[in-house]
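If you read the sequences in order, they're chains A and B. Using the working numbering, read the first sequence as starting at 499 and increasing by one per residue. Using the working numbering, read the second sequence as starting at 16 and increasing by one per residue.
Hints listed in this document are in silico derivations from the structure and should not be mistaken for laboratory results. This one's a predicted model, so the numbers in the text were calculated from it and none came from an experiment. Incorrect hints may have been included.
Below 30 Å or equal to it, Euclidean Cα-Cα: the simulated BS3-like pairs (lysine-lysine) are [said to hold, decoys possible]:
(1) A:K505 / B:K53
(2) B:K32 / B:K51
(3) A:K505 / B:K51
(4) B:K79 / B:K51
(5) B:K42 / B:K75
(6) B:K83 / B:K66
(7) A:K563 / B:K53
(8) B:K71 / B:K42
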Amino acid sequence: SAVISQKPSRDICQRGTSLTIQCQVDSQVTMMFWYRQQPGQSLTLIATANQGSEATYESGFVIDKFPISRPNLTFSTLTVSNMSPEDSSIYLCSVGPQGAPVYFGAGTRLSVL
Amino acid sequence: SQELEQSPQSLIVQEGKNLTINCTSSKTLYGLYWYKQKYGEGLIFLMMLQKGGEEKSHEKITAKLDEKKQQSSLHITASQPSHAGIYLCGADRAGNQFYFGTGTSLTVIP
Numbered sequence: 499s500a501v502i503s504q505k506p507s508r509d510i511c512q513r514g515t516s517l518t519i520q521c522q523v524d525s526q527v528t529m530m531f532w533y534r535q536q537p538g539q540s541l542t543l544i545a546t547a548n549q550g551s552e553a554t555y556e557s558g559f560v561i562d563k564f565p566i567s568r569p570n571l572t573f574s575t576l577t578v579s580n581m582s583p584e585d586s587s588i589y590l591c592s593v594g595p596q597g598a599p600v601y602f603g604a605g606t607r608l609s610v611l
Numbered sequence: 016s017q018e019l020e021q022s023p024q025s026l027i028v029q030e031g032k033n034l035t036i037n038c039t040s041s042k043t044l045y046g047l048y049w050y051k052q053k054y055g056e057g058l059i060f061l062m063m064l065q066k067g068g069e070e071k072s073h074e075k076i077t078a079k080l081d082e083k084k085q086q087s088s089l090h091i092t093a094s095q096p097s098h099a100g101i102y103l104c105g106a107d108r109a110g111n112q113f114y115f116g117t118g119t120s121l122t123v124i125p
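Please model the entire structure based on the sequences and the hints provided.
This is the structure we're talking about:
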């Protein structure tokens, strides 16, 4: 199993600013996943972050808007840049064996005014 | 179109009642995962099914994967308020694509 510490747990931000979300895992993992969950919706994969290489972004998500860092095998950050109210969501990081998301952080609830 | 359809979308049951949530795919699944999400929190992994016909149980929650590996059901026996939350199925298919279901919101009335 893996335990993920994600912070901040929630934030309220002004339009046009950026927020960086951090995830710390208690064990070394190859792949980390970043998800977005819009109100009342299921999870949508933003990107997959591998240590030592560029993150792989899903259709509809770009690096300029959601830059990701993966400096080592236990840590990753996701930045939501130049925020607008449409970015208000829950953001979740996840890890898991064999490339499937099994363990999740508690989530970051973001509200953009 | 949704890759994984869950039904029902929401469910309200009286405490002590049994309930079933379904997760259906139009394509064969390589692995089927069930999660529970409390309001505003991360997802908690419940169980994973891989083989056609497989069934797993954890406390009062039982999940089954059909023989064709295209449908799974999650059954809760004698529901309790602690079972309330959003249940999500997730699955990986060919090409290492992982999808989440549309979600089922469960309310248990004491």
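Tested hints:
1. Taking the CA atoms of K505 of chain A and K53 of chain B, the gap is near 18 Å; set against the 30 Å cutoff, the hint holds.
2. About 18 Å separates the Cα atoms of K32 of chain B and K51 of chain B, which keeps this hinted pair within 30 Å; it holds.
3. For the given pair, K505 of chain A sits about 21 Å from K51 of chain B by alpha-carbon distance, which is consistent with the 30 Å threshold.
4. A C-alpha spacing of about 16 Å is found between K79 of chain B and K51 of chain B, which places the hinted pair at or below 30 Å, so the restraint holds.
5. Taken as a hint, the K42 of chain B and K75 of chain B pair is honoured in the structure, with Cα atoms around 29 Å apart against an allowance of 30 Å.
6. Distance hint between K83 of chain B and K66 of chain B is fulfilled; the C-alpha atoms sit about 9 Å from each other, no more than 30 Å.
7. Our distance criterion of 30 Å between C-alpha atoms is met by K563 of chain A and K53 of chain B, whose separation comes to about 28 Å.
8. Distance hint between K71 of chain B and K42 of chain B is fulfilled; the C-alpha atoms sit about 22 Å from each other, no more than 30 Å.
Every hint, counting from the list given before, is met by this structure.
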